[in-house]
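Colleague: Just so you know, the protein sequences line up as chains B, A, W, S and R, in that order.
Counting from 162, one number per residue, gives the positions in the first sequence under the working numbering.
Counting from 162, one number per residue, gives the positions in the second sequence under the working numbering.
Counting from 162, one number per residue, gives the positions in the third sequence under the working numbering.
Counting from 162, one number per residue, gives the positions in the fourth sequence under the working numbering.
Counting from 162, one number per residue, gives the positions in the fifth sequence under the working numbering.
Worth flagging that the hints you see were computed from the coordinates, not collected in a lab.
Quick caveat, the model's predicted, so the values are computed rather than measured.
One copy or any two copies: either way a pair holds, since identical chains are not told apart in the list.
Below, in silico cross-link-like pairs of lysine to any residue (SDA-like), each with a Cα-Cα straight-line distance of 25 Å or less:
no. : residue 1 : residue 2
1   : 319       : 268
2   : 382       : 197
3   : 319       : 262
4   : 382       : 192
5   : 293       : 406
6   : 397       : 339
7   : 360       : 376
8   : 362       : 384
9   : 329       : 295
10  : 382       : 371
11  : 329       : 404
12  : 360       : 241
13  : 382       : 261
14  : 382       : 406
15  : 382       : 264
16  : 293       : 409
17  : 237       : 380
18  : 382       : 236
19  : 237       : 419
20  : 382       : 199
21  : 382       : 296
22  : 362       : 376
23  : 329       : 388
24  : 397       : 327
25  : 382       : 235
26  : 360       : 374
27  : 362       : 403
28  : 397       : 343
29  : 360       : 401
30  : 362       : 382
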Amino acid sequence: MMAALIMRIVLMVALVFGAAVSPVGATEREALLTQPGVYGTFAAFQMDHDWWDLNGEARVIAVSEVKGLIEQFSQKIVIESYLLRGLSDHADFMFRIHAHALSDTQQFLTSLLGTRLGRHLVATTYLHGMTKPAAYAAGFPESMKQALQSPAPETGTKSYAIVIPIRKDADWWALDQDSRARLMQEHTQAALPYINTVKRKLYHSSGLDDFDFITYFETDKLEEFHSLIRALEQVKEYRHDRRFGHPTLLGTIRPLDDILELFAR
Amino acid sequence: MMAALIMRIVLMVALVFGAAVSPVGATEREALLTQPGVYGTFAAFQMDHDWWDLNGEARVIAVSEVKGLIEQFSQKIVIESYLLRGLSDHADFMFRIHAHALSDTQQFLTSLLGTRLGRHLVATTYLHGMTKPAAYAAGFPESMKQALQSPAPETGTKSYAIVIPIRKDADWWALDQDSRARLMQEHTQAALPYINTVKRKLYHSSGLDDFDFITYFETDKLEEFHSLIRALEQVKEYRHDRRFGHPTLLGTIRPLDDILELFAR
Amino acid sequence: MMAALIMRIVLMVALVFGAAVSPVGATEREALLTQPGVYGTFAAFQMDHDWWDLNGEARVIAVSEVKGLIEQFSQKIVIESYLLRGLSDHADFMFRIHAHALSDTQQFLTSLLGTRLGRHLVATTYLHGMTKPAAYAAGFPESMKQALQSPAPETGTKSYAIVIPIRKDADWWALDQDSRARLMQEHTQAALPYINTVKRKLYHSSGLDDFDFITYFETDKLEEFHSLIRALEQVKEYRHDRRFGHPTLLGTIRPLDDILELFAR
Amino acid sequence: MMAALIMRIVLMVALVFGAAVSPVGATEREALLTQPGVYGTFAAFQMDHDWWDLNGEARVIAVSEVKGLIEQFSQKIVIESYLLRGLSDHADFMFRIHAHALSDTQQFLTSLLGTRLGRHLVATTYLHGMTKPAAYAAGFPESMKQALQSPAPETGTKSYAIVIPIRKDADWWALDQDSRARLMQEHTQAALPYINTVKRKLYHSSGLDDFDFITYFETDKLEEFHSLIRALEQVKEYRHDRRFGHPTLLGTIRPLDDILELFAR
Amino acid sequence: MMAALIMRIVLMVALVFGAAVSPVGATEREALLTQPGVYGTFAAFQMDHDWWDLNGEARVIAVSEVKGLIEQFSQKIVIESYLLRGLSDHADFMFRIHAHALSDTQQFLTSLLGTRLGRHLVATTYLHGMTKPAAYAAGFPESMKQALQSPAPETGTKSYAIVIPIRKDADWWALDQDSRARLMQEHTQAALPYINTVKRKLYHSSGLDDFDFITYFETDKLEEFHSLIRALEQVKEYRHDRRFGHPTLLGTIRPLDDILELFAR
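This is chain B alone, in the form it adopts within the complex (with noise of 0.2 Å):
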């Protein structure tokens, strides 16, 4: 019966939003995961309380809304959704967004609280941030640009994700270009031994939230990740970090299927 009613659900939906709902394509969804002037916003939101006092029917129909809703937005951005829920406190799932513009993230945040579910979600933690070309890379020296060129072909998809925010202090954005390109030299090295086992994406947000910085890491292995970090603590660079962290989140990178159903049962 419970099958059913999903059945009915999907169908409904599938009317309300058109039959043709087709997603970013390949190559678009290529375009905003890969290339500069794309914004990713990392929204973090835990369920209150109030919520399992629907019932189980109650909460598949609105969860089956909230998977409609992810479907009709997919043709502007790419949405990636994470596991917080046992691993960091405060912070039951994330979202990772990719948009070209940040009022395509925001309508569908906007649409998604407004859902029966979202109603029930308190958002904890919004990141934003830019990508843009790499600043420094072009003084590097030929072998490490290589390196960074050709990190070995990725095996599998990775497990875990880690967000960790940073803000500068005052005396890092006074250091001209050549001094903050030597340390970030130093700071490259550092992690060139990881660049096989764990995925690095940079974001820039100053202006955007109270960070410079948001860092994003993937990784299957996490005793890699966290060597990194402690080699990235011990590099001249990381004086200048006044804040690191507050908050780090710390999650699986889950298909929102998996996660949704958490909140359905």
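Position chains A, W, S and R relative to chain B; hints supplied.
Modeller: Positioned in the frame of chain B, the structure of chains A, W, S and R alone reads:
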């Protein structure tokens, strides 16, 4: 039927507040938005979860009451509205209010909080400041003065608004006027390239809240805004920002009706 | 009918507390408000959202109970009321209470919190301080002493009140009395131009809360108050303010009846 | 009828806990309150708002249950009670508990939180410390030792109690024993004038909570206590207080019955 | 009757999870608790007040569900339980979980939060770390190595557990390995006298949460533990602890059944 109901409410509100409600005239509005000696308040609110326990009709009535209230107050103060939901955590929307007296602003906000909708609002952040004549511009070089006075004509409306409150350190205030002017000239020079894409407005808030300044930005191009902030982080004056943001409020400029509609449906 | 109800309550309260309730006499009131050795408490409250679930009649009764209580205590302590709502986030109203003993203040506040209305109050901020003879004025130049003693006669009532608590750093307390006096003379000199437009009162709070001083201001001209704070930020003594505000409480001076009416309707 | 009910409860409690309940004997109590090697816990609680939704009878029963519990535990530990309500924000009352083992204190507090009243308590602050022999007094001059040992006989009970936790900076702990002793001698000298009016007690808490010390004060004369703190702020040792207060807990010493009665009526 | 109910539940749970549930074998358990390369999670929870609105039977069923869950997961991970209630504010109990992969820990905690009891839990603090071979011990003098390897045999179980997370400053990580080793030798020397009374375990957490280390202690003699912390505060390495505690978690080691029973009755 819902439409009929809304109609009735609108009529009711019109009767209550009289037909003679006339918003601040264009000239007066211009004065409030451009002249020194005006008080600016940034008031960010979050809707509590109980709101959604009201039935749809009750929500429509409550929203209508707020619209009437704002119309009523538009004779004395200028109220602009922003949607923060989906971009700033812990806040759903924000008003920027310009008034000749903060007591007028208080009267409006107190009335707002006393409405049926207002009883579900949590006031998350209030920031207050005053507009003042430019403090340092008199000594700037002529070319800089001209550049500041002739930004390209505005084309269309700006989409995004950002509020960043700032507290200066004691060293800043201990500098003599000339030293501060020199630092502000460097600051202004760094900001000049963005004069046509990012609109700025400064409010002085020492004593009125826990900050010294509120900086307010509007832009269509968030990437330009981000670059502006990066440029400002690199001048010497930035060293004197003991607190920058915390909170940073990011939202989109939106008619009140759009925002309230989110909470009516 | 509501009027009749209120009438009945007023009578009831009058019976309960007796007809002989006489507030602190004018002389005693003057003494509490002007003499050293008096305790001042700033108590800011927020009304919880459940309050509005009471029906109108219950709210009127609850408000009336508070009025009776305040009348009763007005024999021992001086209670002044401020509306913070719409100007300070996280607080709706504030009492400033002057008493010869903090135990009297506690008795009043405990009774208040025990009323039907009080059960819906959240005490957001309590600050306590003592009035003391001026610590440094003795050594000030004669002209400064005269200026301090002869502000222009007060014209009408002040509208706004601001509370800024301050914690000094260890360096301040390590200075000898003469050095502190010199710095306070510079501070006082900077404040003199505002003596007629901004009324100030100082409370000493070391040990009674987490601050060293509570500074209290009243003014009709907020722009003058703002200029005063700016002037005080520019003297050397300001460097020793380890914490200034946090919270800054801004409100308007309002009869208790006005404030309670907001919560009765 | 209420009286009859209370009577019944008292009897019931007496039966449950047995007639043989005998509080810690006078000698043992003296030992717990004066000897080194005893654990002191400061536990501050706030009553949640739901408490008042219980009917009066249920509250009376719940309060009675707590009284019985405290009587039961008075065989092992010494429990003193303080009313913080109206003087400290975010706390209604506090227990100071002296025990030979923190596990006894835990057993009591866990039992308390398990009572009908306890289910409505929010534990806002727990501080733990140990009493130890005076660390520096051995090297003090004879006159100081004598002054410390012969305060004027206590006259009557003290009214107010203040708890100020302290965290020292790393520089303090890096000083050798002699240097610390010299600084503590200056500290003690500054405190001597208040030895008869302000009673002090020191608890060592490094590792047991986030502080190094808990300082506890009792006095009838708050103005003397305030002067004592001012005097202590002016000695060199104060520079090593990385955190002083936060929270500062201020209350009045009150029999438990008085405090519980506030929540029963 | 209650006993019968519990019996039924236990049977039910046994049926659901199968008779074949076998906890981690002794060898595997030993490995998880002693070897490097294992992940340790400290997860502290608070029970919300709504829990007590459930009737007794519902609570017994909910508690039983948790016990079954823990039995089920004991095949993969080692779960130890601690009662924080009455000793740490804002937390009722804590799990220390050792696992080969944090994803296993997440699966357990997510399942826990999905139980009927779990829906009433607030996750107040999660800390994650890894066990690693001793970093500096290789260069310690022989006598110190021996002392570290041969603590007196443990006598009985330890009663108390304390968790203190630590964040090092940038200066610490900028030191070369030799300098850090020298400082750690002084640190270890200071700790040696407590080797038989206080059991310690170190977890490395850089990148996994906002700390660099989690230090975990077990002891029967809290006064010895306190002295150990005091001794560690006095060595040079302590100057590099930018954050020490915040939170400090203090509790007693308790079988899960004891802890759950508090919430069942």
